[in-house]
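Please construct the entire structure, taking both the sequences and the accompanying hints into account.
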Amino acid sequence: MNWKNIFGKKAIVTPADRAELEGLEKKCAGFETAFKTIESRFPTNIYKRAEDVANAAVKYAEDPTETNFQKIILAGAFPSFPHTHENLEAALGGIKKRMNQILLPTHAIVKRCLRRALEATLDELRTNTAKEEAAAAADGVEYIASGRILALQGKIRDLQNEIGTPTPDENEEAREPLNWRQRLADYL
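If you count the sequence shown from 1, position 125 lands on 388 in my numbering, and the numbers rise without skipping.
Bear in mind the hints are in silico, worked out from the structure with no lab data behind them.
Just so we're clear, the structure is a prediction, and the values are computed from it rather than from any experiment.
Glycine is no exception: its CB is placed at the ideal position from the N, C-alpha and C atoms.
Be aware that a few hints might be false.
[Stated by the list, open to error] Computed spacing ranges between beta-carbons, pair by pair: (1) Ala282 x Glu395: 35 to 45 Å; (2) Lys289 x Asp326: 26 to 36 Å; (3) Ala398 x Ile419: 18 to 28 Å; (4) Glu352 x Asn442: 34 to 44 Å; (5) Gly403 x Ile426: 33 to 43 Å.
Structure follows, in structure tokens:
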């Protein structure tokens, strides 16, 4: 079933919603860049510690700046135990928490858009059910739901489940915000 035909009739994601979501996304851009940088460059191989210190010292000798000197200190101070993934998680934890705080309003905006999609789907279901029941009555046969009706019912159930999913406002154990584009693409 082509959902774009059904959802295209109504503005499911309004320009105001899109602008608000994109604004929140822009607020997180710096955090996301820092998160990816730390995740990709954080030293997790304890056996490369001496090599990292040596490389940092060479960089400092070539360009004696305070930043390069700090890199020597950081490489030398890096803990030499095998559970370095815990340090990486600790480094990323604060950034992730702040990103989630910034993106928290996306839950409400996405749910608002999904409610509009649910209303559009319910309208489509009512219209198609009435047409099929009228066609069955005109033919003098018993009404049996078509594949289109069953697909609409499945979509309604999926939308209701997503709308009913708790957000951190309602439940602290709830999942973190996913990319709003992905969440809307999954259902629209």
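Hints, one by one, checked against the model:
Evaluation of the 35 to 45 Å hint for Ala282 and Glu395 yields a pass: the beta carbon distance comes to about 40 Å. For the pair Lys289 and Asp326, the supplied restraint of 26 to 36 Å holds, since their beta-carbon distance comes to about 33 Å. Our hint of 18 to 28 Å for Ala398 and Ile419 holds, since their Cβ atoms are close to 22 Å apart. For Glu352 and Asn442, the hinted distance range of 34 to 44 Å is not satisfied, since their beta carbons lie about 21 Å from each other.
Separation of Gly403 from Ile426 is about 40 Å and conforms to the stated range, judged on CB atoms against 33 to 43 Å.
Violation of the numbered hints given earlier is confined to hint 4; every other hint is satisfied by the structure.
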